[in-house]
Amino acid sequence: MPQVMDKEVKQGVQQDEPIVKYENICKSFGDLEVLKGIDLDIMPGEKVALIGPSGSGKTTIIRMLMTLEEPTSGNIIVNGKNLWKMNKNDHLVRANDKHLRQIRGDIGMVFQHFNLFPHMTILENCTTALIHVKKMEKKEAEERSMKMLEKVGLGDKFDAYPSQLSGGQKQRVAMARALVMRPQVMLFDEVTSALDPELVGEVLEVIRDIAKDGEMAMILVTHEMDFAQEIADRVVFLDNGVIAEEGTPEEVLEKSNNERLQSFLHRFRNGNGV
Amino acid sequence: MIDISILDVFPVLLKGVSVTIQVLVLSAIFSYLIAFIAGFGRLSKNVLVRKFTGFYIEIFRGTSLIVQLFWFYYAIPMLFNVQVGSELMAGVLAISLNYGAYMSEIVRGSIIAVDKGQREAATALNMTRFQQMRLVILPQAVRMMLPEFGNYLIQILKATSLVSLIGMTDILYHGNMLRSTNIAMAPTIYLLILVFYFILALPLIFLTRKAEDISKKGVASS
Ligand SMILES: Nc1ncnc2c1ncn2[C@@H]1O[C@H](COP(=O)(O)OP(=O)(O)OP(=O)(O)O)[C@@H](O)[C@H]1O
Ligand SMILES: [Mg+2]
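If you read the protein sequences in the order shown, they are chains A and B.
Take the first sequence: its position 192, counting from 1, is numbered 192 in the numbering used here, and each next residue is one higher.
Take the second sequence: its position 32, counting from 1, is numbered 32 in the numbering used here, and each next residue is one higher.
Because the hints were derived from the structure by calculation, they are not lab data.
One-sided and incomplete, this derived list gives chain A residues near chain B with beta-carbon spacing under 10 angstroms:
id, residue
1, MET109
2, HIS113
3, HIS132
4, LYS134
If you want the ones that stay clear, here's a sample from chain B, every Cβ over 12 angstroms from chain A, calculated:
id, residue
5, LEU7
6, LEU48
7, GLN68
8, LEU191
9, ARG209
Quick caveat, the model's predicted, so the values are computed rather than measured.
Just so it is clear, CB atoms sit at the ideal spot from N, CA and C, and this is done for glycine as well.
Extracted from the complex, chain A is given alone in its bound form (with noise of 0.2 angstroms):
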């Protein structure tokens, strides 16, 4: 009975392995080497909080993830499944959109500058792909994506367009939009940095409340480490294109003794690290 099998596997998948491996990643820009073998495992459930100075490749990374920048070399590997190389006669070769598509399903991502869809108004930003991708009854998707407005503050919005929202209300539709999609990991991109500072607690605040559900895996790139270090499980500290240090919060953020890292944390609780 080889299709019982492979379930059983399969389930034991989920639970030991991780839901998302980088195995030696690299990643280069023209002559530019952003990322230099990058290996990071993200275990089902796991926040991870993801930092760095400006430019060493965070956002690249989580980006690789999403397909939306292909890695130069190393293998991502999501669900067990080989995300940009696919089986071809036996032979490994380059993913086509299908193949991204079957497997970029489980991810999702909420991006810095928000992109929302201008011409849709708050409610269709969220059925639009429930009903097309995920090919939901309407009404149905309808109900889901209230439920998630309702859950980030915004249930009175629900006919409004983008443009009549604030910079705070608009991340937060970014965030239901992905949100209803039921993504195994969620990524994040500096979500508050393009917000005023008055508007960046409820964005957390919401970030806060999905962490606690708990089973969603989520990567945060963020500047924010007093978040981090509240909200995460691990620490990554990204530096000249290789991982430089990682580990607990209390591990990273209080106790490294990276010299790197020391200097970009002193620069942050100075107040200008960004």
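Please arrange chain B with the ligands on chain A, whose structure you already have, making use of the hints.
The following block gives chain B with the ligands in isolation, referenced to the frame of chain A:
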């Protein structure tokens, strides 16, 4: 005296209105169609398709519409022994290919002008390329195209008068015929022709304004 001549001219010109409108409507439809096809062609991943569309666009933008019209009506049928068909076909084909070439640049430019974060967000929601175009990119791009499309519609209306040169009985044709029998009426005739075209243009001007409003509302940057 003048009153009488206006009353004489008016019904003659009126006979041409339906032809003018017919050429306008058909040319507009085909121009937009060609504009989209060529606009996408210019954005194709296939080099050959890109080059070929680029070639078509440069040819039709780089030569005059009136010469193109004569080509379709006189030269091509003789040279290649293909019947382009009626005057209407030749006229609509020339105008559509000419304006389609111009407007394809608007289509291409508008699609490119949609913020690349929009496509990325659509990818993150796992839309297919086709869904990304249909649900996210095009609705925003079309809003950007609308005002320019309106302007070109007015230009197409003006260009329709060229079909009188291949014997189509539009407003200008009837005016010219009348003038050839009565040269003294020329000022009245051409004044009235201007008025006719302007009245036809009015709804188009109104449409363009509307399009500008829609366009302003539709794409606020996120
Ligand atoms: N599409 C691209 N083309 C060329 N260079 C790029 C591209 N994307 C990123 N880079 C470069 O790669 C390097 C890493 O970029 P990345 O955005 O990943 O850094 P980051 O750690 O997110 O920085 P920041 O904190 O400023 O957001 C930078 O030097 C950047 O200029
Ligand atoms: Mg970044």
